[in-house]
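Chains as they are written, first to last, in my numbering: chain V, 195 to 451; chain B, 195 to 451.
Heads up, some of the hints might be wrong.
Covered, in the sense of this in silico footprint (three residues per stretch, anywhere, with C-beta under 8 Å from a C-beta of chain B), are these stretches of chain V [to be verified]:
| hint | stretch |
| --- | --- |
| 1 | 208-215 |
| 2 | 227-238 |
| 3 | 241-247 |
| 4 | 297-305 |
| 5 | 322-333 |
| 6 | 413-427 |
Not close to chain B: a few residues of chain V, all C-beta gaps over 12 Å, as computed [said to hold, decoys possible]:
| hint | residue |
| --- | --- |
| 7 | LYS279 |
| 8 | PRO341 |
| 9 | VAL355 |
| 10 | PRO395 |
| 11 | GLU403 |
| 12 | GLU436 |
Please keep in mind that the hints were generated in silico from the structure rather than gathered at the bench. It should be emphasised that the depicted structure is a prediction, and the values quoted were computed from it without experimental measurement. For every residue, glycine included, the Cβ atom is placed at its ideal position computed from N, Cα and C.
Number of protein chains: 2
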Amino acid sequence: MLNTIFTHRSIRKFTAEAVEKTVLDDILKAGTRAANTGNMQVYSIVVTQDPQIKQKLWEAHFRQNMVLQAPVVLTFCADFNRFNKWCRLRKAEPGYDNFLSFMTGAIDALLAAQNCVLAAEAHGLGTCYLGTTTYNADQLIDILNLPESVVPVTTVVIGHVAELPELTDRLPVEAVVHAEQYNQYTPGDIDRLYAEKEALPLTKALLAENQLETLAQIFTQKRYTRKDNVTFSNKYLKVIEEQGFMNNSDKGQGTSQ
Amino acid sequence: MLNTIFTHRSIRKFTAEAVEKTVLDDILKAGTRAANTGNMQVYSIVVTQDPQIKQKLWEAHFRQNMVLQAPVVLTFCADFNRFNKWCRLRKAEPGYDNFLSFMTGAIDALLAAQNCVLAAEAHGLGTCYLGTTTYNADQLIDILNLPESVVPVTTVVIGHVAELPELTDRLPVEAVVHAEQYNQYTPGDIDRLYAEKEALPLTKALLAENQLETLAQIFTQKRYTRKDNVTFSNKYLKVIEEQGFMNNSDKGQGTSQ
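With the rest of the complex left out, here is chain V (with noise of 0.2 Å):
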């Protein structure tokens, strides 16, 4: 378990082998024993491996090859469909229309998520997270046929590795732990955690290519921009609400059967 956790790297490229239905079985169980909220169980796994809709995916994930090369792409949705209709087949009025029943539902999604991820490992295949799933979360809806109260969170391929990449460096731990209470960074507490990753060969070649000055720069002026942020963050609280997840008052609304 623990050699599993500590040689974790991302994958990106993956050979055309196919991922025998009996791990992959066993990767989806171990989704399921992830510790979830209430027992409830409120959030789906949805399985995609045909050619064609995996090219819809891979559109909607801005175009990432990863989604075209792996066999398997997984997409965790928060999911009270299920729990709201059984709910209403056993005489229960359900009161999970709201943001807090949407968090509930994303939190159940990612612990069983990152359980596949590590089975995935444990079996000797290579796995990657697409953080575009929240980006584009109305085209996956449509291309997965989500119903209402169904969001997707994250997204998860799997396959076998083509390529294995060097472990990727992480800030000490001491960056992102603190004892007992929140401690407040100093610039000198930055200036000593962020070292590291600032002298590394990767970040050089990175300033170099993108003729700026400092990492933060390629980080909020290319690859995660306020717009882009913005843009995002809007469509996604749409998503949200259209999904039915925001009646945040006491009236109860009976939408969705």
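Given chain V, put chain B in place with the hints provided.
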């Protein structure tokens, strides 16, 4: 790895034995090896062991006993504070005061949390997630001194197991997995997928104890009521806004330093 995943159960009774520092360090390091968005690592882990602070956390977490019993409480937060400080010290203007950035940090925090849980279990320790984190996030912010751009998302308690419960039941894997696209559930599907859960002795006992007709009613009327969900939805949205993640317009704010 797979054995750890498949034998997971939430532990709610702990011995008084402390968690060794080297083991805790390994658990926290395991958290930092999880995949994260763009390698920005926009999350933090607050490690609370001090009995007085734990007492306050216990109050905020609905006085669930495991918060007092377990020697270690880990609060996982979406955190752009560190990243924003780094940007500003490096001539870069961060645009991360919006909802997408909150989601990005929450995703990072949750993947790290699941790594910590599995690492703790691989070390023979017990763990339990506290869903109450999103309910009383405002109180956790006060107790843990969380600054702007930091929002608690989940909490994990860790300690030595005093009582090992049976594995918890789960819906059949086919209940949460959809092939290629989302397959809507017929009433017959719901009956079939929930049959085993509804027939459990635990379910029968709960119905008798609560004098209710269906298990679903225990969720909607007792455990997760609309009234509570609405209250906590509005509280959590307010927290997200107050911590600086709801400026979803193109205009930069440049608020916190």
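Tested hints:
Counting residues of the stretch 208-215 of chain V whose CB lies closer than 8 Å to any CB of chain B gives 0, so the stated coverage by that chain is violated, three being the minimum. Taking a C-beta to C-beta cut-off of 8 Å, the stretch 227-238 of chain V contributes 10 residues in contact with chain B, enough for the three needed, and the coverage statement holds. Closer than 8 Å: that is the beta-carbon criterion, and the stretch 241-247 of chain V has 5 residues meeting it against chain B, so the requirement of 3 holds. Residue count for the stretch 297-305 of chain V with a Cβ under 8 Å from a Cβ of chain B: 6. That meets the three needed, and the coverage hint holds.
A stretch counts as covered by a chain when three or more of its residues have a beta carbon under 8 Å from one of that chain; for the stretch 322-333 of chain V and chain B the count is 5, and the coverage holds. Figure legend: the stretch 413-427 of chain V, annotated as covered by chain B; annotation consistent (12 residues with Cβ-Cβ distances under 8 Å, at least 3 required). The non-interface label for LYS279(V) is inconsistent with chain B: the shortest C-beta to C-beta separation is roughly 5 Å, within 12 Å. With a closest Cβ-Cβ approach of about 6 Å to chain B, PRO341(V) is found to fall inside the 12 Å limit, against its non-interface label.
Remark: the non-interface label on VAL355(V) is consistent with the geometry, its nearest Cβ contact in chain B lying 15 Å away (cut-off 12 Å). The claim that PRO395(V) lies off the interface holds: its Cβ sits roughly 15 Å from the closest Cβ of chain B, which is beyond the 12 Å cut-off. The Cβ of GLU403(V) sits about 16 Å from the closest Cβ of chain B, beyond the 12 Å cut-off, so the non-interface label holds. Remark: the non-interface label on GLU436(V) is consistent with the geometry, its nearest Cβ contact in chain B lying 15 Å away (cut-off 12 Å).
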